[in-house]
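2 protein chains.
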Amino acid sequence: MGFSKLWLEHKKLADTRKRVIISCDHTLKDSAAFDELKTAMRTMVPDAIVLWKSEVFDDDSYLIVLSVHPELEAEEYNIAASSNITEICGGSETGVLYGVFAFLRQTALAGGFASFTESAKPSQPLRMLNHWDNADSTIERGYSGKSFFFVDDELAVNERTVMYARLMASVGINGVVINNVNVRGKAKRLLADDYADRLEELGGLFGRYGIKLFICPDFAAPITVGGLDSADPLDDKVIEWWNGCCKKLFTKVPNLGGFLVKADSEGQPGPFAYGRDHADGANMLARAVRPYGGTVIWRCFVYNCTQDWRDLNTDRARSGYDNFIPLDGRFDDNVILQVKNGPMDFQVREPVHPLFGAMKHTKIMAEFQLAQEYTGQQKHVCWLVPMIRDILAFGTRHDLDDDRVSSVVCGVAAVANTGDDYCWTGSELAAANLYGYGRLLFCEDIDMEQLAEEWAQLTFGEDEQVIANVKEILLGSHKAYEDYTVPLGMGWMCKPNHHYGPDPWGYEFDRWGTYNRADRDSVGVDRSMSGTGYSGQYSPAWAEVYGSPDSCPDELLLFFHRVPYTHRLRSGKTVIQHIYDAHFEGYEKAEHFAKLWADLEGRVDEQIFKNVSARFEEQLRCAKEWRDIVNTFFHRLSGIDDEKGRKIYN
Amino acid sequence: MGFSKLWLEHKKLADTRKRVIISCDHTLKDSAAFDELKTAMRTMVPDAIVLWKSEVFDDDSYLIVLSVHPELEAEEYNIAASSNITEICGGSETGVLYGVFAFLRQTALAGGFASFTESAKPSQPLRMLNHWDNADSTIERGYSGKSFFFVDDELAVNERTVMYARLMASVGINGVVINNVNVRGKAKRLLADDYADRLEELGGLFGRYGIKLFICPDFAAPITVGGLDSADPLDDKVIEWWNGCCKKLFTKVPNLGGFLVKADSEGQPGPFAYGRDHADGANMLARAVRPYGGTVIWRCFVYNCTQDWRDLNTDRARSGYDNFIPLDGRFDDNVILQVKNGPMDFQVREPVHPLFGAMKHTKIMAEFQLAQEYTGQQKHVCWLVPMIRDILAFGTRHDLDDDRVSSVVCGVAAVANTGDDYCWTGSELAAANLYGYGRLLFCEDIDMEQLAEEWAQLTFGEDEQVIANVKEILLGSHKAYEDYTVPLGMGWMCKPNHHYGPDPWGYEFDRWGTYNRADRDSVGVDRSMSGTGYSGQYSPAWAEVYGSPDSCPDELLLFFHRVPYTHRLRSGKTVIQHIYDAHFEGYEKAEHFAKLWADLEGRVDEQIFKNVSARFEEQLRCAKEWRDIVNTFFHRLSGIDDEKGRKIYN
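Residue numbers (this note's numbering), protein chains in the order written: chain A, 1 to 650; chain B, 1 to 650.
In case anyone wonders, no lab produced these hints; they're calculated from the structure. Treat each hint with caution, since some may be false.
The list treats identical chains as one, so a pair stands whether inside a single copy or across any two.
Think about it this way: if two alpha-carbon atoms lie no more than 20 Å apart in a straight line, the pair counts; the simulated SDA-like pairs of lysine to any residue are [unchecked claim]:
id : residue 1 : residue 2
1  : Lys252    : Val157
2  : Lys624    : Gln307
3  : Lys121    : Gln577
4  : Lys589    : Leu72
5  : Lys11     : Ile49
For clarity, every value in this text was computed on a predicted model and none was experimentally measured.
With these hints in hand, go ahead and build the complete structure from the sequences.
Structure (structure tokens):
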């Protein structure tokens, strides 16, 4: 299947110069930075020839000087641009590459060569994507086609992979996990010789674009690959097997960054089977990869997924904290714990995970999900970047110099929303999540309106109406989705398994620990100190705020508290009226977005217009189901009518 | 996979005779009747040699005389038995075969040769099984392994198929449809040459045992098999194609009885696509099979399966009647309409289908489901035969000489519960459904206690404790299942798609037209004349009974009426208290059955004991889920506590 270039589809500038001269040393001339600049200039200034180190420099020339300045940090860059000459310095080839992409972005946004200066270094040192791609080409929670990394159990390195690396580098992604954390089928053989040549090749490609390659190993690999009878992390034979495996692998694939591991979670193997804990498991792997500068990223998504719904005391929200806090300080320094943004699983609204700021002696990463598993599966538009920004900016109120999540983590990962669809992300609008995610991690202070505009212009061109409408859609989309699906922090009203569309009690009597416990009088789960005690996992300040329905933010009220439908929110509305209002208004917003998009007919590429239009049609159909089913559900339970007399079905 | 002989595992009699002499003419000597008798005698009287027409007849001999008496109906038989000699006459070879099986059954039950006479002819002329087997060996709604008719897209005729024919003949089945009504994959080629040789062979085998072979054709076969561009039943090319196809097929397979067709139902093709009606479609096929004495059985399971749950007027229960009543009198006389026992889909309790007795100018068959799709999937024990008996005995109160369902139909079919499991039916206890179904259709007055005893003794032998316990389990099983799942006729509280386990609102907001519409005050669907009007589809007498909550039988109350939880049933209980009582008591019954079975350890074959014990374990686990989830569901909605203070979870 073909593929678009997304935001790297460079547009022609209003510039008639005859020459663009790129000046740099021989090393940089072989770099991706040079290639990107040359490729872009040929499209953006089509009348010009693009030269390296030309002797001719006159009014009809534009000069760009690239250089590495070792006193800068490796990923840092400085740009000094004018209408005739631009200097781009980076702390390394990668820094220069980032500078080139920044220069191209600013030039494209300005519509021509302009005077500006920009100095930047990334806000987050580790900016990762996790692909949940399986060796058989399927993608777990993938809504954009099949895998472009794995085709029929083979690892592909081709034009599409090159385009992928270019796109990721252009927004500053510097680490990519190529396979699913649930390691199935042939993917277990990524540790064996089967894939070694292709991993080396892919690692080389990624390295050229400043991206470290990571893989998910099977924790049981000593058994499944090595033929041992145990995967006990304290067993000498197991340790020896991993040491040998990593020596071979990292030697063959020098750009391998390390492993991402999901262990003892939802059926995956792990150290628990041998009476060991997560520190035992992670450290064993960390020591095997240490000689090669490798890192082990260990997921904290560990909970009891065979809960009994009758049990009111067990609280899945508590599990990450309860499992990992006792291990604080026990992990080697090349282990990073990867913690989901909230305590449940990527719902449209969750409180920030209580482990952030609480594990003071452990490296932590935050994990988000761009794949819209619970947020409309790339059929509904839902721009997640403002939510990610808010979570990273969240002050944990732990006793720290800088208590924000962004400061207590050493990196950020997100589950990718890509696949082999022509537009990479199912809906073209979903590419704004991919773009914005990378840009935000590089520049945490970026303004969301500016970011939306920037992506829209780079993607669709400079038509102001297009930019304005797309911006309005993106900025309002998350709140609209929250409103017409599950407001007030309840979560989990989606259909089981595939997680698309409404089913208010689909999970209610199941084993997953995800209940709303609605009855005729009340709704919500008491996670305060009089309930499951989850609120006590936060710093004292937040524990106090979350611990009382009077101080708890409205948007999380039903996550933390069980209240009557007639409870007054801080907004002054009753809970039941808020539910009705949110659903009617959320649906109206979705209608408005669809209208904003429909108005762009003729202004955006026809194929894109039709693809997104079809998705809006489905979004409206589904949003109406959400609105009516959730409203009916609560009306049947509460018996309370809508104050405004709108139609609620029986 | 091996297979058991079920109730044909003959047991040794306490008889020491040296000779069993079977006297019959040469034709009968080649019949299945002779074979069955010889095979059985060799096992039942192991000391004897079994002879044909022996000259030696003394005190050490037992003589059985077989003969065909053309003045009897073809399937009729007479037996005159004594301790020394038995005469078995039949109206045809099949009649003799039925007489032989009856003689063997009575002899086995008596434990030896005894004096008795028996004259019988079948209550129902057409006694069919419908197998929902797919060509790829899967079975739709199959809970007993894979198909033994189809193995990897090939039709199998082998020892197992012979055993199948023997078992079916032994309980009087005389028609078998071997493939799924949803005709998928290679099964579409049953009409082509691909399967012709094997169909001929299987037809021959079945014919020897008095069984007509039927297949389900693809209604779109003129397109999918014939390569035409239409399947319009009034198109001359289509008619010509079917005529040619049937000529070839029926000539090749003389024992082919005809077709069973699911058209315009749940996505299957049909005449609606061409603006034709069901009579057009059925008659076209009927005329193609008529020259060969063939029959077209046409299913009436036609309804809108894309209903909007918001729509309170459309009622799926009405659809069979609404679709077919206008066509009464328009079907050719070799068309039989096959009507499910109730208007929905094989729920544990439904009213009898209103088409029975109402279509006075059309041949009708009743369809039941032995495959326990909605009744525990052969993990739960649920003996369906008493329910089938009750439905067949139901007086429709239409103006007829004999208004019972059994009299207004010309035959009965049931979806088979078999597969290639060792014991044929997943659980050995589920074989009682297969056995009892056949026996009931042959002898509609049979006593249920006697039938349960009979099956238990033939299957497990003469241990009185085994017979008593198995009988108690069977006789109480359907009511227990109804009690702990969905009492009062609500139906459809199972999990969607696979239909196993509780999910009270799993179908509530979906497109299938199966709603309970429970809210905080009331539950049930008003299908009276003030509601959807469904009750008016019955004869005036039943319309009156069903039309009012005061006269409607308790067990169907919530099918026909919407009432408050505090409504008093005819039993004197409130609806809510009945729900609680039924669930607690139903579960206790299931516990009691498991105990009755556990007490049989050492008394039944160990493999059977373990298989059934494991299923009881699952039944108890699942019954507890049903009890607690349904009770909690209604307690959350109604807020009304159990009068007896038993535990209902929040």
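As a check of your reading, is Lys252 near Val157 (CA-CA no more than 20 Å) within one copy, between copies, both or neither? Answer is within: at 16 Å inside a copy they meet the 20 Å cutoff, but 57 Å across does not.
What label fits Lys121 with Gln577 when the C-alpha limit is 20 Å: within, between, both, or neither? Cα proximity of Lys121 and Gln577: none, with 47 Å in one copy and 69 Å across.
How would you label the pair Lys11, Ile49 (within, between, both, or neither) given a Cα cut-off of 20 Å? within (16 Å within a copy, 98 Å between copies)
What label fits Lys624 with Gln307 when the C-alpha limit is 20 Å: within, between, both, or neither? between (32 Å within a copy, 15 Å between copies)
Lys589 and Leu72: within-copy, between-copy, both or neither at 20 Å Cα: neither (46 Å within a copy, 78 Å between copies)
Going through the hint list in order, the structure does not satisfy hints 3 and 4.
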